[in-house]
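Chemist: Read off the chains here:
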Amino acid sequence: MTTAPVRTDLYAQVQHFYAHQMQALDGGRFEEYAATFTPDGSFQHSPGAEPAVGRAGIVHELVEFHKRFEGDPVQRRHWFNHIALEPQPDGSVRSTVYALVVTVRPGGKPEIAPSCVVHDVLEVDGEGVLLRSRLVTHDQMF
Amino acid sequence: MTTAPVRTDLYAQVQHFYAHQMQALDGGRFEEYAATFTPDGSFQHSPGAEPAVGRAGIVHELVEFHKRFEGDPVQRRHWFNHIALEPQPDGSVRSTVYALVVTVRPGGKPEIAPSCVVHDVLEVDGEGVLLRSRLVTHDQMF
Amino acid sequence: MTTAPVRTDLYAQVQHFYAHQMQALDGGRFEEYAATFTPDGSFQHSPGAEPAVGRAGIVHELVEFHKRFEGDPVQRRHWFNHIALEPQPDGSVRSTVYALVVTVRPGGKPEIAPSCVVHDVLEVDGEGVLLRSRLVTHDQMF
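Residue numbers (UniProt numbering), protein chains in the order written: chain A, 1 to 142; chain B, 1 to 142; chain C, 1 to 142.
One or more of the hints may lead you astray.
Since copy identity is lost for identical chains, a pair holds within one copy or between any two.
[Said to hold, decoys possible] Capping the alpha-carbon separation at 20 Å, the derived lysine to any residue pairs in SDA-like fashion look like this: (1) Lys109 x His138; (2) Lys67 x Gly27; (3) Lys67 x Gly128; (4) Lys109 x Ser46; (5) Lys109 x Val136; (6) Lys67 x Ala24; (7) Lys109 x Gln75; (8) Lys67 x Leu25; (9) Lys67 x Thr103; (10) Lys109 x Arg76; (11) Lys109 x Pro47; (12) Lys67 x Ala56; (13) Lys109 x Val74; (14) Lys109 x Gly48; (15) Lys109 x His78; (16) Lys67 x Gln88; (17) Lys109 x Met141; (18) Lys109 x Val121; (19) Lys109 x His45; (20) Lys109 x Thr137; (21) Lys109 x Glu127; (22) Lys67 x Ser46; (23) Lys67 x Glu50.
It is worth saying that the hints were derived from the structure and are not from the lab. Values in this document were obtained by computation on a predicted structure and should not be read as measured data.
Using the sequences provided together with the hints, build the complete structure.
Modeler: Next comes the structure, spelled out in C-alpha cells:
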C-alpha cells in the first residue's frame, strides 16, 4: 500500500486553517471560531452531546461550556497531530486528526487530557477552507 | 545557516504518509502499517530489539508485541513532531522525527511516554512514499 | 471568515525550518541554532528575560542557560504545533506557534512543561528562512 498522494496545496491549506482556527478557539474568540464553519455547519464536541448547529448555535455552545471555568482562570491549548485527509466523491474532504487538550492554570504545570480524535468534513475552494461538520470522540471512552 | 529549501510537495507527502501510517498502526491495522514499508523494509522499534524484516515479519512483530496488552484494553496514539528531511545521494530521503506515545485506558487519563526519535529512510516516487527502514531510539536511555 | 490561503511553499518551508532548528537546539548544537537567526536577530526565551541579540549573544545565552543542567543529564525536546502565519507589509512573516517542552532524565518518564507560545518574525526569501526575532510567552504566567 502507498497512501494516495495528497494535493500539496490542499494539505498546507488545511494545516494552516487548523492553526488559525484553534488559536481562535483557545484565545476565546468564539465568533471567529464559529465563522470557520459553513453557515449550516455542525459541531459536536463529544459523542454524547447534542451537536450545535449554525454559527450562532456554536458560539452559544462555547459560551455555555466555558461558564464552568468562571472563577477558575485557565488557559487551554488544543494540540493536533497526524492530519489524514480523504477526498470524498461530493468534493468535500474528510479529515481525521489526533487531538490532545493542554490545560494550564496560573503557576501550575500543564495537564494533558483528554486524548481525542477529531472527525471533520471540510469544504475547500479557492477562497479557503470551511468546516461542514466536526465530531470529537474521546479515547478514554471505550 | 539557512536550512536548504525542501521540495514543497515532498514535505506534504511525507507528513500525509505519516498521518495515515500511524493512524493505521494505532487502529490495529497492522497489515496496512506493514504495507507502508518496502517489501524488504526493516522495522526496529527499540535499539536493543532485533529488527523485523519484510512485511510479514513486521506484522508478526506487531502481533507479538500487542499480546502484552491482552486483557488490558488500551488505546495508543503515536504523536510525531518536527519532521526533518535530508535527501540522500541515492535518491532516498532520511527523515528524523520526534515521537511521543500517548496511552489511554478506559476512564483514565493519557499517559505520555516514552519520548522517542524516529529515524526513517524513505523511498519517494510519483506513486507515493514507502519506508525502507525505521529505527526508533528512546530518550530515557542515555 | 475563511483564513486567507497561505502560500503553500512558504508553509512547508517554515515547518521544515522549525524541524531542523529545534532539532539543532535540542541536540545542543547552539551555533547551528543561532545561525537560524539574522545577524542582528533577537531571542527572548521568556518575557522577563533580557533578549539575547546577535548570533554570538544567542550562543552565549544558551551556554549560560544550560549550565543549570551540569551534573543533571537531561534530554529536552521542544514540540511545536499550530503554526499560524501572517505576512507583514514589510515582507516579513509573523509566526505564532504553540510549544511544549518535553524533558527526559535517564530512566525517567517525560515531564511535559511548560506550555508556551512562540512569537516569531521570519525573513523568507528564495534562499530559505531566517529568524529576525523570537519571543516566548509562558502559559502559566497569567
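Chemist: Hint numbers the structure violates, sorted upward?
Modeler: 3, 16, 18, 21
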